[in-house]
Amino acid sequence: MVNESQASGNIYKQTLLAGLWRENPVFRLLLGMCPTLAVTAAVKPALTMGLCVIFVLLCSNIVVSLMRNLLKPHLRILMFTLTIATFVTIADLFLKAFVPEMSETLGPYVPLIIVNCIIICRAEACASKNGLAVSIIDALGMGAGFTLTLCVLASIREPLSTGQIFEVQVLPDGFVPWAAMSMPVGAFITLGLLLGLVNAVSKRKA
Amino acid sequence: MDTFNILLMGFISIVIVNNLVLTKFLGICPYLGVSGRIDMAFGMGMAVTFVVTLSGTLTWLIDHLILMGTPLEVTRYVCFILVIAGAVQLVEMYVRKFFPALYESFGIFLPLITTNCAILGLCLFINLWEIDNLLEAVVLSFGAGIGFTMAICIMAGIRENLNLADVPQCLKGAPITLITAGILTLAFMGFTGMIR
Amino acid sequence: MLKIKYFAQQSWLLIISSFCFGLLIAIASAAWSPRIEQNEKDKLNKLMKELITDANHFEIAIEGVQIPGRKGKVSETDIYNVLDAASSRTGFAFVAVGAGFADKIKLVIAVDSRCEKLFGFKVLSSNETPGFGSKIKEDYLGKQFRQAPAGGLELVKVGNAEVVDSQIVAITGATVSSEAVVDIFNTYIDKIKEQLQTKGLIGNGK
Chain C
33 MVNESQASGN IYKQTLLAGL WRENPVFRLL LGMCPTLAVT AAVKPALTMG LCVIFVLLCS
93 NIVVSLMRNL LKPHLRILMF TLTIATFVTI ADLFLKAFVP EMSETLGPYV PLIIVNCIII
153 CRAEACASKN GLAVSIIDAL GMGAGFTLTL CVLASIREPL STGQIFEVQV LPDGFVPWAA
213 MSMPVGAFIT LGLLLGLVNA VSKRKA
Chain B
2 MDTFNILLMG FISIVIVNNL VLTKFLGICP YLGVSGRIDM AFGMGMAVTF VVTLSGTLTW
62 LIDHLILMGT PLEVTRYVCF ILVIAGAVQL VEMYVRKFFP ALYESFGIFL PLITTNCAIL
122 GLCLFINLWE IDNLLEAVVL SFGAGIGFTM AICIMAGIRE NLNLADVPQC LKGAPITLIT
182 AGILTLAFMG FTGMIR
Chain R
6 MLKIKYFAQQ SWLLIISSFC FGLLIAIASA AWSPRIEQNE KDKLNKLMKE LITDANHFEI
66 AIEGVQIPGR KGKVSETDIY NVLDAASSRT GFAFVAVGAG FADKIKLVIA VDSRCEKLFG
126 FKVLSSNETP GFGSKIKEDY LGKQFRQAPA GGLELVKVGN AEVVDSQIVA ITGATVSSEA
186 VVDIFNTYID KIKEQLQTKG LIGNGK
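Residue numbers (our numbering), protein chains in the order written: chain C, 33 to 238; chain B, 2 to 197; chain R, 6 to 211.
These aren't lab readings, by the way, just hints derived from the structure by calculation.
Heads up, some of the hints might be wrong.
Coverage of chain B stretches by chain C, computed from C-beta distances (three or more under 8 Å per stretch; other residues unrestricted) [to be verified]:
(1) 17-28
(2) 168-175
To be clear about the criterion: a stretch of chain C counts as covered by chain B if any three or more of its residues have a C-beta under 8 Å from a C-beta of chain B, and this derived list gives those stretches [claimed, not checked]:
(3) 111-124
(4) 137-143
(5) 226-232
We treat Cβ as the ideally placed atom computed from N, Cα and C, and that holds for glycine.
Start from the sequences and build out the full structure, keeping to the hints where you can.
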C-alpha cells in the first residue's frame, strides 16, 4: 500500500518536472516556436501568453482525458482541434474584456494558440491515454515550462532593447538600447543561441 | 489598371516585405523541420501554397458571407480551423489518389500542415487587415504560399552548404538554423518601405 | 437506415460536444461582450482626453465622412464633438488613417471648436521601425502640432522645432514616417473643415 502511493507520487513529480526541463516543450521538443518568437519582445506579453497557454492546455487536457474512452480513432484529431479552438476563443474573449492592452499587443497570436503544436501533442501523447490526475499534472508542467521559457527569452530581449523589465528601469541610463532586439532578428538569434546553450548544458550533464 | 496595381503591390508586399516566416513568425515548425534538402523544401512549399490559397479563399468567403455582423462572429476561430482541417484532408486525398509517389515522400508532413501556424495565421491576418474584396484575398493567400516557399528554399540552400561547414556541436541543427533565419530576416528588412 | 445508424454511432460524440462547446462560447461571449465594447470606447476616449485637457465626454457630431485618399482609395471616419463638464463644445476629434513607412498609421487628431488651430495628435496604432519611425509617438513631433494652424502643413528637414507654425521639422532618421503624419493631417483637415462648414457646425469663412 505504501509502495503504491509512493510510486504514484513519484510519477506525478516526474511528470511535473519533465515539462520544466527534461522535456521542455520549446528547448527540447522544439514545439511552439511561433509564439515564442513573436511575443517575447517584452516580459508582460510573454507572461500573458504563457498564462493563456496554461489555461487552454489545462482545460483541453481535462476534457480530452474525460473523453478518452469514447473517442473514435479517426475522428480524434477533429475532436482535439474543436476542444482547443473552443477554449482559445474563451481565453481570447477574456483577454479582450479584462486586459485589452495585452489583447492588442498579442493580437493575432492568441488565436494562433489553437495550432500551437504543444497543446495538440500533449492531447495526443498524454491526455488521450492517461487518467485525469496525470493529465492535469502534465498540463501544468508543460505549461509552466513553456511560460518559463517565454519569460527567460523576454527577460533577455526586453532589457537589451529598452533597458526596462516590466516598465522598471534595470539598466543604467547611459545604456544605448539595441533596437535590433525588439525586431525579428533579435528574436531568432536569441532563441538560437539559447537553444545552443541548453544543448551544451544537457550534453555535459548526460 | 488600378485594381491590377493594388493586387500587384499586395502580392509583392506579402512575398517580400511582409514575408510570413521572416517577419510575422508564422510556420516556424515546418520551416525548421523540412528545410534540410531543397527538393523536400520545395515540395513542402508547394503543398503549403496549395492549401493556403484554398483556405484563404474559403475562410474569406465564410467570414464575409456568413459570419460578419452576426452573433456567430464569436465562433470565427472554430470555423476557420475546421475549414482548414477540411481543406488539408481534401488535399491529402487528392494527392494520395493521383500522385502516390509524392504522397509517399511527404510522409507525416501533409497532416502536419493543419497545425502549420502559417495557414491559420494568414486567414487571421486577412481578417485583421480588413481585406474587403475576394480577388485581393486570393492573391494575398497565393502570395503568402509563394513567400513561404521562397523562404524555405533559401533556407534549404543555405543548410545544404552548412552541412559542410564546421558548426560547433551544441549549435548543430535547430540553433544554427534559427541564427541563419535571423540573419535572413535582417537582409529582408531592407525591403521595408518599398511599398507606400 | 443502416448508414444513418452507422453515421450516428460514429459521430454522436462529435455532435454532442459541438453543442456543449457552442454553449460555452455563447455564455462567455454574452457575459463579456458589454465589457469588450466598453473597452473599445474607453480606448478612444482616453486618448482624446490626453489631447484636450478639459474634455469630459464625447458625442458623435457627423458620421461616415468620406475622405478621398491617394490612389483613389476612400476612407471613412466619424467626427466627434468634444464636450467639457458643462457640456459645451471645446473642440472636434476624429480618427485618421494613412500609409506610413512600414504599415498603416492610425492617429487621433483633435482640432479646436472653430477648426482653425490643432490640438495635436496621438498615435492609435503604428508599426514603424523601432528606434526611428517609432519616435512619432514621442513629444518631439507631437509638440510641433499643438496650436499649429489647421491646414497647409509643410514638412521641413531643418528648422526650429520650438516655433509653432505650419512648418513641421522632421525627426532625424525618420523622414518618411514624419512625412506620413503630415500627409495624414493635410489629407483629412480640409475635408473635415468642409464637412463641418456644410453641416453648419462652424462658421463659414472669416
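Do the hints match the structure? See the list:
Check on the stretch 17-28 of chain B: 6 of its residues sit with their Cβ under 8 Å from a Cβ of chain C, so the three-residue criterion for coverage holds. Residues of the stretch 168-175 of chain B lying with their CB closer than 8 Å to a CB of chain C number 5, which satisfies the three-residue condition for coverage. Given a C-beta distance limit of less than 8 Å, the hint that chain B covers the stretch 111-124 of chain C holds, as 7 residues qualify and 3 suffice. Chain B is given as covering the stretch 137-143 of chain C, and this holds because 3 residues of the stretch bring a CB closer than 8 Å to a CB of that chain, at least three being needed.
Here the stretch 226-232 of chain C counts 5 residues with a CB under 8 Å from a CB of chain B, which clears the bar of 3, and the coverage holds.
Checked against the numbered hints listed earlier, the structure breaks none of them; every hint is satisfied.
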